[in-house]
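Colleague: Based on the hints, put chains B, C and D in the right spot on chain A.
These are the residues of each chain, in order.
Protein chains: 4
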Amino acid sequence: MHAIALIGAGRIGRIHAANIAADPRLKLAYVVDPVADAAAALARQFGATVASLDQALADPSVRGVVVASSTDTHLDFSLAAAEAGKAVFCEKPLDQDLARARAAADRLEALGAPLFLAFNRRFDPNFAALQARLAGGAVGTLETLHIISHDPAPPPVDYIKVSGGIFKDMVIHDFDMARWLLGEEPTEVFASTSVLVDPAIGAAGDADTAKTILRTGSGRLCVISNSRRSGYGYDQRIEAFGSKGMIRAQNQLETTVETWGEEGAAADRFQNFFLDRYATAYAREAEHFADILDDKCAPLVGYADGVRALALAEAAAASAAGDCLVKV
Amino acid sequence: MHAIALIGAGRIGRIHAANIAADPRLKLAYVVDPVADAAAALARQFGATVASLDQALADPSVRGVVVASSTDTHLDFSLAAAEAGKAVFCEKPLDQDLARARAAADRLEALGAPLFLAFNRRFDPNFAALQARLAGGAVGTLETLHIISHDPAPPPVDYIKVSGGIFKDMVIHDFDMARWLLGEEPTEVFASTSVLVDPAIGAAGDADTAKTILRTGSGRLCVISNSRRSGYGYDQRIEAFGSKGMIRAQNQLETTVETWGEEGAAADRFQNFFLDRYATAYAREAEHFADILDDKCAPLVGYADGVRALALAEAAAASAAGDCLVKV
Amino acid sequence: MHAIALIGAGRIGRIHAANIAADPRLKLAYVVDPVADAAAALARQFGATVASLDQALADPSVRGVVVASSTDTHLDFSLAAAEAGKAVFCEKPLDQDLARARAAADRLEALGAPLFLAFNRRFDPNFAALQARLAGGAVGTLETLHIISHDPAPPPVDYIKVSGGIFKDMVIHDFDMARWLLGEEPTEVFASTSVLVDPAIGAAGDADTAKTILRTGSGRLCVISNSRRSGYGYDQRIEAFGSKGMIRAQNQLETTVETWGEEGAAADRFQNFFLDRYATAYAREAEHFADILDDKCAPLVGYADGVRALALAEAAAASAAGDCLVKV
Amino acid sequence: MHAIALIGAGRIGRIHAANIAADPRLKLAYVVDPVADAAAALARQFGATVASLDQALADPSVRGVVVASSTDTHLDFSLAAAEAGKAVFCEKPLDQDLARARAAADRLEALGAPLFLAFNRRFDPNFAALQARLAGGAVGTLETLHIISHDPAPPPVDYIKVSGGIFKDMVIHDFDMARWLLGEEPTEVFASTSVLVDPAIGAAGDADTAKTILRTGSGRLCVISNSRRSGYGYDQRIEAFGSKGMIRAQNQLETTVETWGEEGAAADRFQNFFLDRYATAYAREAEHFADILDDKCAPLVGYADGVRALALAEAAAASAAGDCLVKV
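These protein sequences, in sequence, are chains A, B, C and D.
In short: position in the first sequence from 1, add 466, done, that's the numbering used here.
In short: position in the second sequence from 1, add 466, done, that's the numbering used here.
In short: position in the third sequence from 1, add 466, done, that's the numbering used here.
In short: position in the fourth sequence from 1, add 466, done, that's the numbering used here.
Chain A on its own, in the form it takes in the complex (with noise of 0.2 Å):
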């Protein structure tokens, strides 16, 4: 069993503890948080132990970090981390900035360490049976993408305004996606966007409507709608369009319950909130985490995706703010 050391007890670090604690061959050894009582109430009840980064770097039994603290810290922890040898899983984003982010993927790959960087949509079971079934060739040569992600409710406008905006903050998830299914790098970048939802997003600053068509040197075409509201719950879709066909994922219902009536026929409503709706994808990230202390695969993505999402991210704004095509 490999000892893991946790940083951060917030809810996602929650998560990841009792998913670590599930797994037979991780053990939560270390919980460190600033927050002296999240940090104990995780760690009796995973039978691990409070510490200080620095002890729990310390300790060489150790195998593996997991970053889930604050967006903020996510590079510093991680550095931190591979230059004490641990492997490390660190929760999306990257960092906000693209050119420390890219400074410090460059520092953290010459380190060698494993960088596991934990893009959660990549292991939902859905979008990773439609991505192996397109890859091997279910659906012929895949031509264009569409993506599909509108939220239940937008954010707090507090948290808007220190998110780094609709394309780093909601649809940088896509563009991980999109780059993950296309098999190509997009070249091209076009985005519209809109206040639709809240006047208070646009007062911000940001939008919370958006359409992002991206295109690769083929000329594969993805088209990404993202929306902070959807008026109908958690519209997590892709569609893949390949020579051969269609393949796409749909919505996770709540039950399969339909009731019939005069109207027509209902379906239960979708699953809502992102923890239950990535419930698996987040077992499955500390199995694959296993896998990696394990050397039986290497990260299936890392910092060096997060890099080439977040670029895309920004070439996304700046063609809104422009009205313009951006070139990658």
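No lab work stands behind these hints, which were simulated from the structure alone.
Fair warning: there could be bad hints in the mix.
Copies of the same chain are indistinguishable here, so a pair counts whether it falls within one copy or spans any two.
[To be verified] Lysine to aspartate or glutamate pairs mimicking EDC-like chemistry, simulated, CA-CA at most 20 Å apart:
#1 K793 <-> D761
#2 K710 <-> E728
#3 K710 <-> D617
#4 K558 <-> D538
Modeller: Positioned in the frame of chain A, the structure of chains B, C and D alone reads:
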């Protein structure tokens, strides 16, 4: 073009008239109906002539007769037409009395005229595709069958009183479908009925809800579910279970429009009026009659089929009355 | 009954002839076509008279003219009919040349005759229900729109060469749908195209794949996806995202039959031939023309709509050629 | 945290052990199994102690006992645990012998210990939601019920021989669901069976296919369809027909991925292994046992329910053997 005489200018007669007119191989020549106004209006609309039955049958150019008059006249008019050497297209049911139907079917068969008994569901594109694929081995060897046949709303109680009862009036359609799809004659019938929709139906000596099990000689089983009022529209579904899979036909919706809201996704309502639901089936009946007149095929459903469905209806009624299995 | 002259006895002309004949308010009086045999056959089938255009227009009993001839004659024949005081039902497109179409539309409007430009998709029961419910507030205020319009197979390259290009030939349908559903005029267009289906289409100077973003003055966004060959049939879908939900129209299937096997459940194929898919829409166009002749309503789509869709097509082609946003 | 003793370290015992460990209110204290290795491995994994039944029951800190041993020991172990004052969570079935089950249920009830008989389907989120909405009047008053319960593949014939027959071994689940959903006790049973899957099952004196009709005192009807081998996966569906609509629970799919090709759209396969299909149900059983130990609720299913389901199974077997309706 084959000249056709139509007996009956009521609701179903008008449907057949329009389908005859639309078929380039058929010509509506005569309309026969004791209600002079109805006959005249229908004849005018499609360029036909009002006539008595004798007049229409005496015209040697008339090739076929469509019997769409009231149920109690089906046998007599079919016999008259067959004796005049015409091909006959008779609305179901053949008759409500099994002995009389049997005797008439024997006489009709002896006359040698083509006799097409129009069980409309066999001509529905969905059920026809299901039957063809099932017969083609799409799901291996058929084992069991589920037929759901729930009406949107019960007929008036005055109709119930003269309907012959739920088995002869309603389930008879499903007995015909069962015989067609099972590929073997049912040899055992068990039926259980209830009055759940309207006590007035019970007071009239009938039931409004029935579940029937048929068993064939080789052990194939068929379950038929009937209700005079579904609470959610016109439910017409079939599921056929084979050794290698299941094939089913679902309900037809009014449109493909779906609405997604916070409570889930809602599809449009079913096609609830049987003349909408089976509009294509009626048109295909006319095409089938043209094929018969063109000597392209024998009737897909004949009077003997009507006799056998009626025999199953009598057996089911006896089973429900006696709480016992009835051998056919 | 309103007497109608039909110009054009080709494939689409025959569809309109049959729908006119089936409508009790319309009577097909004349068929005009330089191909004498085609005109004669169609006239014979529906009891009409073969005539020259002048003869047909000279008959004062003729109330309406259906222009179903080749595209390059649409404007001239429409003008001739309007000058003769007839109501006009013209197949789309109006013309391939924007300036000419604009000039003609102005002249036609000045003549005051009712002019119905037959964009068939507006009459599809699914899209019409979607539009009505959307306009009725079923999903709150419309925010964004996704239109998918993928053909089953590309036309011959010889057709591509004279088609006016993918935007004028194919996407123009979707521009009309977008205008109809958005409830506002698009003011910005961005389009990205590729040659992914057939290099011969690229060699002919056209593209076979396109993604287009439209933006209205108030910030509503519309994405249109087009492919000349889908690999999975005729894909005609619309999703409209509103403040309170999403409403969409799905593809029509050939039957409701599903097959369930070890690999999962399979539904039947789409209606892949556009004349099947839009058969009801064509019938409703005839009904709409009868309504216009009955003075029950003004044309739902007029020549000005054709001009505006054509302007969007030109803008989209310019955007794709210049890799830039184009203001309309 | 409530200390739990688990009897049985086989496949289902290991499922219960993991769910107990994952529940913060329960602690797996003892594992009891005559197979020493299995007991030791399971105890080691979850930090429990291997013990004999007597040792485990003698520990006053043990609040609950989970009986997951072989069927023939269920009654004896439940009785021993209840006599020791422990709450009991017993895997279904209670027993194969109705008289013995009845006697034991009476004795157990007299002991007053909470007795939870784990019919897993009641804890499936889909069926539980269906039951709650049905009971809440979502479709008006329940009238009839259809239960489909087809296994992906038959068990070995050696198992069939000791299984008690299809009604006691397989349909018993559906009898419990029927009782739960009907809201009334069935008073009449008719069943028809066949050997269609494997003649060896018939040679062993059992059937592999069954259709059963239940009727309650007020006339509600329930149809249950069973097959030992479906040919298309694990088919677990329920449709409940009420006065105002229909509510149903569909099968769970492995993923939401669909593939669209020229032949139509294909969905992913069903969850075919019962431990996958009912994984959440097993977890909710553990939660329910924790609720019982917390005195939050009485057992949702008790031993009396097991007796009644067994009585229906005996009646159905008698009906099928005698080709007659059996009153319960």
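Colleague: For K710 and E728, with the copy left unspecified, which applies at a CA distance of at most 20 Å: within, between, both, or neither?
Modeller: Between. Shortest inter-copy distance 8 Å satisfies the 20 Å Cα cut-off; intra-copy 39 Å does not.
Colleague: With identical chains treated as interchangeable, where does the CA-CA distance between K558 and D538 reach 20 Å or less: within a copy, between copies, both, or neither?
Modeller: Answer is within: at 11 Å inside a copy they meet the 20 Å cutoff, but 53 Å across does not.
Colleague: If the cut is 20 Å between Cα atoms, do K793 and D761 qualify within a copy, between copies, both or neither?
Modeller: Close neither inside one copy (38 Å) nor across copies (55 Å); limit 20 Å.
Colleague: Within, between, both or neither: how does the pair K710, D617 come out at a Cα-Cα threshold of 20 Å?
Modeller: between (31 Å within a copy, 13 Å between copies)
Checked against the numbered hints above, the structure breaks only hint 1 and satisfies the rest.
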